[in-house]
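Taking the hints into account, I'd like the entire structure generated from these sequences.
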Amino acid sequence: GAVVSQHPSRVICKSGTSVKIECRSLDFQATTMFWYRQFPKQSLMLMATSNEGSKATYEQGVEKDKFLINHASLTLSTLTVTSAHPEDSSFYICSARDPRTTPRGPNTEAFFGQGTRLTVV
Amino acid sequence: GEDVEQSLFLSVREGDSSVINCTYTDSSSTYLYWYKQEPGAGLQLLTYIFSNMDMKQDQRLTVLLNKKDKHLSLRIADTQTGDSAIYFCAEIGPNSGYALNFGKGTSLLVTP
Chain A
1 GAVVSQHPSR
11 VICKSGTSVK
21 IECRSLDFQA
31 TTMFWYRQFP
41 KQSLMLMATS
51 NEGSKATYEQ
61 GVEKDKFLIN
71 HASLTLSTLT
81 VTSAHPEDSS
91 FYICSARDPR
101 TTPRGPNTEA
111 FFGQGTRLTV
121 V
Chain B
1001 GEDVEQSLFL
1011 SVREGDSSVI
1021 NCTYTDSSST
1031 YLYWYKQEPG
1041 AGLQLLTYIF
1051 SNMDMKQDQR
1061 LTVLLNKKDK
1071 HLSLRIADTQ
1081 TGDSAIYFCA
1091 EIGPNSGYAL
1101 NFGKGTSLLV
1111 TP
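Residue numbers (the working numbering), protein chains in the order written: chain A, 1 to 121; chain B, 1001 to 1112.
Hints in this document: simulated from the structure, not taken from any laboratory.
One thing to keep in mind: the hints can contain errors.
Here are the simulated DSS-like pairs of lysine-lysine, each with C-alpha atoms no more than 30 Å apart in a straight line [as the list claims (entries may be wrong)]:
#1 B:K1104 with B:K1068
#2 A:K64 with B:K1104
#3 B:K1036 with A:K41
#4 A:K41 with A:K66
#5 A:K64 with A:K14
#6 A:K66 with A:K55
#7 A:K20 with A:K66
#8 A:K41 with A:K64
#9 A:K41 with B:K1104
#10 A:K20 with A:K55
#11 B:K1067 with A:K41
#12 B:K1056 with B:K1104
#13 B:K1036 with B:K1104
#14 B:K1036 with B:K1070
#15 B:K1056 with B:K1070
#16 B:K1067 with B:K1104
#17 B:K1036 with A:K20
#18 A:K66 with A:K14
#19 B:K1056 with A:K41
#20 B:K1056 with B:K1068
#21 B:K1067 with B:K1036
#22 B:K1068 with B:K1036
#23 B:K1056 with B:K1067
#24 A:K66 with B:K1104
#25 B:K1070 with A:K41
#26 A:K20 with B:K1104
#27 B:K1104 with A:K55
#28 A:K20 with A:K41
#29 A:K55 with A:K14
Computed from a predicted structure; not experimentally measured.
Written out as structure tokens, the structure reads:
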């Protein structure tokens, strides 16, 4: 299947600094990518939908100025956690649809990155 | 968003069958999914079912869908210790551009 690569897999940063997480589709072009956040023993919560060449669409309650999303190319979306605080510590996962397999309508498979474990100290 | 409900924990003996249940909320969901997450890892799609199907079988996996009750189940036959993981059911979110709406996940523990 298609491959989505996420980097870094783990990052520890100091409170107040910014952290960038990359999500790449390795063998297909993704016009849309999704960013999720997962708290311990919790489900994945959609944070935002990243659209290539346009602004991201954020879910209710997600601060767009804190979680900056850039989808500058068809194979790369980035999530930057700005001025990170300990409560931002979480597992962040991206996913992308492969339009070759789902040219229309809902996707049959969203391919997920490996996830990034962010710890803010 | 709408809630997708799952039981949180299931323990089975190796070789037995496991059944993980899920109820979803959006009657217009066209696809329903089961994902597996191993510790510290991303999500792996196990299987999916289209809403006009009642059952789908794929090797050791059987998915049953009761659309009337909005109930989805995943049966794993001959469960192995390598099946220990968290299993998420998910539906297409109603207004999220084909993003997925996940349940909280069921932690499956397979004991020898």
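Now for the hints, and whether the structure bears them out:
Simply put, K1104 (chain B) and K1068 (chain B) have alpha-carbon atoms about 22 Å apart, close enough for the 30 Å limit, and the pair holds. At roughly 24 Å between alpha-carbon atoms, K64 (chain A) and K1104 (chain B) fall within 30 Å of each other, so this suggested pair holds. Proximity of K1036 (chain B) to K41 (chain A) is assessed by CA-CA distance (about 14 Å); at most 30 Å being required, the pair is judged to hold. Restraint check for K41 (chain A) and K66 (chain A): satisfied, since their Cα atoms lie roughly 24 Å apart, inside the 30 Å limit.
About 21 Å separates the Cα atoms of K64 (chain A) and K14 (chain A), which keeps this hinted pair within 30 Å; it holds. At most 30 Å may separate the alpha-carbon atoms for a hinted pair to count; K66 (chain A) and K55 (chain A) meet this at roughly 15 Å. The hinted pair formed by K20 (chain A) and K66 (chain A) meets the criterion: a straight-line CA distance of about 12 Å does not exceed 30 Å. For the hint pairing K41 (chain A) with K64 (chain A), the CA-to-CA distance comes to about 25 Å; that is within 30 Å, so the pair holds.
Between K41 (chain A) and K1104 (chain B) the alpha-carbon distance is near 7 Å, which keeps this suggested pair within the 30 Å criterion. Between K20 (chain A) and K55 (chain A) the CA atoms are separated by roughly 17 Å; this keeps the pair inside 30 Å, and the hint holds. A hinted pair counts as satisfied when its Cα atoms are at most 30 Å apart, and K1067 (chain B) with K41 (chain A) qualifies at roughly 28 Å. As the CA atoms of K1056 (chain B) and K1104 (chain B) are separated by approximately 23 Å, the hinted pair is consistent with the 30 Å bound.
Proposed proximity of K1036 (chain B) and K1104 (chain B) is supported: the alpha carbons are some 12 Å apart, at most 30 Å. At most 30 Å may separate the alpha-carbon atoms for a hinted pair to count; K1036 (chain B) and K1070 (chain B) meet this at roughly 21 Å. Under the criterion of a C-alpha separation no larger than 30 Å, the hint pairing K1056 (chain B) with K1070 (chain B) is consistent with the structure, at around 16 Å. For the hint pairing K1067 (chain B) with K1104 (chain B), the CA-to-CA distance comes to about 20 Å; that is within 30 Å, so the pair holds.
Among the hinted pairs, K1036 (chain B) with K20 (chain A) is consistent with the structure: their alpha-carbon atoms are about 26 Å apart, no more than 30 Å. This hinted pair checks out: K66 (chain A) and K14 (chain A) have alpha carbons roughly 16 Å apart, not beyond 30 Å. For the suggested pair K1056 (chain B) and K41 (chain A), the alpha carbons sit about 28 Å apart, so the restraint of at most 30 Å is met. Of the pairs offered as hints, the one joining K1056 (chain B) and K1068 (chain B) holds, with about 17 Å between alpha carbons and a cut-off of 30 Å not exceeded.
For the proposed pair K1067 (chain B) and K1036 (chain B), the alpha carbon gap of about 23 Å is at most 30 Å, so the pair holds. Using a Cα cut-off of 30 Å, the hinted pair K1068 (chain B) and K1036 (chain B) holds, with the two alpha carbons roughly 26 Å apart. Proximity of K1056 (chain B) to K1067 (chain B) is assessed by CA-CA distance (about 14 Å); at most 30 Å being required, the pair is judged to hold. Proximity of K66 (chain A) to K1104 (chain B) is assessed by CA-CA distance (about 25 Å); at most 30 Å being required, the pair is judged to hold.
Between K1070 (chain B) and K41 (chain A) the CA atoms are separated by roughly 24 Å; this keeps the pair inside 30 Å, and the hint holds. For the given pair, K20 (chain A) sits about 26 Å from K1104 (chain B) by alpha-carbon distance, which is consistent with the 30 Å threshold. Of the supplied pair hints, the one linking K1104 (chain B) and K55 (chain A) holds, its CA atoms being roughly 29 Å apart against a limit of 30 Å. Annotation: proposed proximity of K20 (chain A) to K41 (chain A) holds, straight-line Cα distance about 24 Å (limit 30 Å).
For the proposed pair K55 (chain A) and K14 (chain A), the alpha carbon gap of about 28 Å is at most 30 Å, so the pair holds.
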